[in-house]
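Protein chains: 2
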Amino acid sequence: MSPYPISPLMGQMMSQPLLISGIIEFAARHYGGNEIVSRRIEGDLHRSSYRECHRRSRRLAKGLQALGVNMGDRVATLAWNGYRHMEAYYAVSGSGAVLHTINPRLFPEQIVYICNHAEDQFLLFDLTFLALVEDVAARCKSVKGFILMCDRERMPAKTNIQNLLCYEDVIDAHTDDYVWPMFDENSAATLCYTSGTTGHPKGVLYSHRSTVLHAYASALPNALNVGSFDTVLPVVPMFHVNAWGLPYSVPLSGAKMVFPGAALDGKSLYELFESEKVTFSAGVPTVWLGLINFMLQNQRTFSSLRRMVIGGAACPPAMMATLIDHFGVQVIHAWGMTEMSPLGTAGGLQVKHLALPPDQQRQILLKQGHAIYGVDLKIVGDDGMELPWDGVTCGHLLVKGPWVISSYFRHEGADVLQNGWFPTGDVATIDADGYLQITDRSKDMIKSGGEWIGTIELENLAMGHPAVLQAACIGIRHPKWDERPLLLLVKRPGLEVTREEMLQFFEGKIAKFWIPDDVLFIDALPMGATGKIQKNKLREQFKEYRLPTAGMESSEP
Amino acid sequence: MSPYPISPLMGQMMSQPLLISGIIEFAARHYGGNEIVSRRIEGDLHRSSYRECHRRSRRLAKGLQALGVNMGDRVATLAWNGYRHMEAYYAVSGSGAVLHTINPRLFPEQIVYICNHAEDQFLLFDLTFLALVEDVAARCKSVKGFILMCDRERMPAKTNIQNLLCYEDVIDAHTDDYVWPMFDENSAATLCYTSGTTGHPKGVLYSHRSTVLHAYASALPNALNVGSFDTVLPVVPMFHVNAWGLPYSVPLSGAKMVFPGAALDGKSLYELFESEKVTFSAGVPTVWLGLINFMLQNQRTFSSLRRMVIGGAACPPAMMATLIDHFGVQVIHAWGMTEMSPLGTAGGLQVKHLALPPDQQRQILLKQGHAIYGVDLKIVGDDGMELPWDGVTCGHLLVKGPWVISSYFRHEGADVLQNGWFPTGDVATIDADGYLQITDRSKDMIKSGGEWIGTIELENLAMGHPAVLQAACIGIRHPKWDERPLLLLVKRPGLEVTREEMLQFFEGKIAKFWIPDDVLFIDALPMGATGKIQKNKLREQFKEYRLPTAGMESSEP
Chain S
1 MSPYPISPLM GQMMSQPLLI SGIIEFAARH YGGNEIVSRR IEGDLHRSSY
51 RECHRRSRRL AKGLQALGVN MGDRVATLAW NGYRHMEAYY AVSGSGAVLH
101 TINPRLFPEQ IVYICNHAED QFLLFDLTFL ALVEDVAARC KSVKGFILMC
151 DRERMPAKTN IQNLLCYEDV IDAHTDDYVW PMFDENSAAT LCYTSGTTGH
201 PKGVLYSHRS TVLHAYASAL PNALNVGSFD TVLPVVPMFH VNAWGLPYSV
251 PLSGAKMVFP GAALDGKSLY ELFESEKVTF SAGVPTVWLG LINFMLQNQR
301 TFSSLRRMVI GGAACPPAMM ATLIDHFGVQ VIHAWGMTEM SPLGTAGGLQ
351 VKHLALPPDQ QRQILLKQGH AIYGVDLKIV GDDGMELPWD GVTCGHLLVK
401 GPWVISSYFR HEGADVLQNG WFPTGDVATI DADGYLQITD RSKDMIKSGG
451 EWIGTIELEN LAMGHPAVLQ AACIGIRHPK WDERPLLLLV KRPGLEVTRE
501 EMLQFFEGKI AKFWIPDDVL FIDALPMGAT GKIQKNKLRE QFKEYRLPTA
551 GMESSEP
Chain W
1 MSPYPISPLM GQMMSQPLLI SGIIEFAARH YGGNEIVSRR IEGDLHRSSY
51 RECHRRSRRL AKGLQALGVN MGDRVATLAW NGYRHMEAYY AVSGSGAVLH
101 TINPRLFPEQ IVYICNHAED QFLLFDLTFL ALVEDVAARC KSVKGFILMC
151 DRERMPAKTN IQNLLCYEDV IDAHTDDYVW PMFDENSAAT LCYTSGTTGH
201 PKGVLYSHRS TVLHAYASAL PNALNVGSFD TVLPVVPMFH VNAWGLPYSV
251 PLSGAKMVFP GAALDGKSLY ELFESEKVTF SAGVPTVWLG LINFMLQNQR
301 TFSSLRRMVI GGAACPPAMM ATLIDHFGVQ VIHAWGMTEM SPLGTAGGLQ
351 VKHLALPPDQ QRQILLKQGH AIYGVDLKIV GDDGMELPWD GVTCGHLLVK
401 GPWVISSYFR HEGADVLQNG WFPTGDVATI DADGYLQITD RSKDMIKSGG
451 EWIGTIELEN LAMGHPAVLQ AACIGIRHPK WDERPLLLLV KRPGLEVTRE
501 EMLQFFEGKI AKFWIPDDVL FIDALPMGAT GKIQKNKLRE QFKEYRLPTA
551 GMESSEP
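First to last, the protein sequences are chains S and W.
Take 1 as the starting number for the first sequence in our numbering and just add one per residue.
Take 1 as the starting number for the second sequence in our numbering and just add one per residue.
If you're looking for bench data, these hints aren't it; they were derived computationally from the structure.
In this text, a Cβ means the ideal position worked out from N, Cα and C, and glycines have one as well.
The hints are all genuine.
Computed Cβ-Cβ distance ranges for the label pairs, DEER-style:
hint: 1; chain 1: S; residue 1: S15; chain 2: W; residue 2: R306; range: 36 to 42 Å
hint: 2; chain 1: W; residue 1: D176; chain 2: S; residue 2: G420; range: 19 to 25 Å
hint: 3; chain 1: S; residue 1: R47; chain 2: W; residue 2: S442; range: 40 to 46 Å
hint: 4; chain 1: W; residue 1: V416; chain 2: S; residue 2: P156; range: 56 to 62 Å
hint: 5; chain 1: W; residue 1: G328; chain 2: S; residue 2: H411; range: 53 to 59 Å
hint: 6; chain 1: W; residue 1: R152; chain 2: S; residue 2: S304; range: 57 to 63 Å
hint: 7; chain 1: W; residue 1: R306; chain 2: S; residue 2: P388; range: 33 to 39 Å
hint: 8; chain 1: W; residue 1: S442; chain 2: S; residue 2: H353; range: 47 to 53 Å
hint: 9; chain 1: S; residue 1: P181; chain 2: W; residue 2: N298; range: 57 to 63 Å
Each computed SDA-like pair below joins lysine to any residue, with the alpha-carbon atoms no more than 25 Å apart:
hint: 10; chain 1: S; residue 1: K400; chain 2: W; residue 2: V179
hint: 11; chain 1: S; residue 1: K277; chain 2: W; residue 2: A355
hint: 12; chain 1: S; residue 1: K277; chain 2: W; residue 2: K352
hint: 13; chain 1: W; residue 1: K352; chain 2: S; residue 2: G33
hint: 14; chain 1: W; residue 1: K352; chain 2: S; residue 2: F302
hint: 15; chain 1: S; residue 1: K267; chain 2: S; residue 2: T322
hint: 16; chain 1: S; residue 1: K400; chain 2: W; residue 2: M10
hint: 17; chain 1: S; residue 1: K352; chain 2: W; residue 2: L45
hint: 18; chain 1: S; residue 1: K352; chain 2: W; residue 2: S48
hint: 19; chain 1: S; residue 1: K141; chain 2: S; residue 2: H411
hint: 20; chain 1: W; residue 1: K277; chain 2: S; residue 2: V351
hint: 21; chain 1: S; residue 1: K144; chain 2: W; residue 2: M10
Using the sequences and the hints, build the whole thing.
Written out as structure tokens, the structure reads:
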């Protein structure tokens, strides 16, 4: 029942549910010959099509049904981006079961935790993760069977995994006359756990409705602009918020799909971009760093790539400059969250911006852009009162929309929503044109003498220095100012910069009290399972660190 | 309650209804300064914006509420494409009432019929239609008040209309603090009557859900491809299936909107296209004929127009050739129906077609294209069995989707749907790539000696002759062959062609038995209220016509 008032006069249109199965069926019927190209774990390039994907996903659906998978049951995957993973996406959700994509970069203990929390019935996995699954299998109590997504001849001769099946056997054992069932569009479709920095991971349970609406909205010209002429390579993993919805929005658009498998290094990606004439790609800044470095070192250019979506973390200005100015790629700076399916905003210029000088245009492109249609944004103060959209006032960012979470899966505790809005945990500004700019994660902001210092801007500035590869800024306790910024840097191989040069580099670029109190050079930054810098680890590691300014009670920071 | 099975596990996303008010709110927040430019009945160009439209539509909503309009009540309009009509679109539907757009080209008796059938509570109308409303007002029994959409100083000093209000007075009497109500997305939003060729017009009652989903799907890159960089001029009237949804898909995309008002002649349209730098337009072939003729006669070119949607009737090949080859415009050949909100398919090439020679590409562009995502198509034989997608087999076209009708408004009688599918009344082929080609309306097909002859192809061929302006082909009773084609032509002013030349023109271009048995030249074709040729009138007019072949029982047609 709808929780909203019913009009005395209802529309007289077909009540057809929005279902994920409709997407692959549509792609097979209208773009059946369009390719799905996958770099396999086996090393070779595999060529499939939407027609073939539809056929095999129906076989798999029938196979899972025969194995006892019912509507609402969870079926997990531990897999890279590839055609079999795509088939599983449609087979599992399309049949009414729930696809639970597990991030293989989590610790085994976390994998066991979420597998048991979700009560997964089956686990489909890539050959890469055989040792991992052998490690955790016995502890995943609810799993009735493990399905290895590889050719028959690659199946291990010996393994400790009970009830191990070959994916191709399941497919081959069934015909493709399966008809996708119709059911309520609010039924659960996929499950993805956030790799929270504290506490246990929490599950986000997407519905068919939320997934299809997100696919519509994210393919729009103002969002990712996916059409049948595109060739799309999702670098963002299918175990990371459904690869930002691309396994849905790309077939919906009939575009050619290219999956990179496990080979996410710069060279492998570049070669695949070129050989398959990729026009559009999506990923986090870290992965683009590898690609850009490979291309610069080897003096390569893109021959087909036209645009790139960058999300998951703020795109450093230096990276955007390289991509746009050096490589001639259009950059769409996007923002979202696991709790948002994930797309919330997408960057880009408006007509009126075309008259601005290039550096002002760049400032706009560095913002995270506009809400995509369906998402509502607002910023509020600590008191919950809405703040103005003036591009200056910072507030806690809240969101609303049909693909935004209402509660976590099987999660006890406090209400997630605040008066119907989801608190993102981000601090942001919104300007008069509705452009969002993320200032920081609430918990990463540094409070110095009653004023907020945003760490993203400091890190972006630091990465503008040619010798800086990566940067992270954290707050360190200070006897006078409560907190002061400490900048942690990883140097670019072969290049040098000193602490003093770095501090001087900031001068004139930001307010004086924002300049870090100290700079430390470290070998590497701790990265989380989704490619983000783990600042909580850095804060833990440096919690006893004494800033050089800490003794000078009278100094002006 | 959903009529579909519920999963034991439901998704945990926000249950936010898809409402029309969300579109204008979004446009106002994110593209608030983007313009709505209208050529007014008053003659001048009026400039508004999404922010202003949102403000005034909330005032109007409050005004209508104060006048006693409740949720589900019908509010009618008799108006051209303009900013006030757009405000009414959002005010009426957004507040939960139902916008009933009346086609002013209907006969007064039909207007009275549908107004009473719909039980309209208020009628908003343009100054153009003052005499019409004065004629029908007393017979529209349910209407409590008439609102004239004009400036205060244009209000008539004297009128027989009881309870006549000025639109601007209603707006001015209210503040813009109105908050759009939330209600079930299946609530009725708009009502549009088909101008059926037989019997009374029938009402199609759209819901908020169907309207918003249609807006998402129609703005996609593979469909109309509307983005914030566009300037869109809908020539198709807002009283004709909601101007193909553009009043929703354009603000959703933040594009600039240009309304032509009542000035739909070639010169006026051309001047507006140029002065407002229109990039994209939509309309029926008849209106493009006027524009093309004006431009050719005056040797004009487009400086900003990039693409055009042509629908409502098949685009004649000669028109497409002129638009593409001469004017350099991309043509999107679309197909839909009032019963489909209206968009069903949109034409265009696929990547693989780019390698084809231009004439083969043109043949593909002349088809009505692909289903837009959300619409399902199939063709069936007289026995209801599904026919193959081979591009050759003709069948009755059936459709399905969340913005397709399930039943007509307050319409007694036989079920509209056939096993859940809506029978369109069109005969079509679908090829292996899913491209639809409408062969004819079922009732227009000519049955000759047991074989079908499609009239659209005959008319398109005829219009390929330089001296032919318009063509209509109808079946005439024939003693031997049941029916034979009669071709009715309107000559292009100043050009000549004879019956014999015309018949010769067909030779070698189509099967011999398709060549019409006779050609008649007439001054004009009867056009319906939506700009389509009324073949039923022609059949009536020529029902006693004796074909020259009718006496020759032994002749081979």
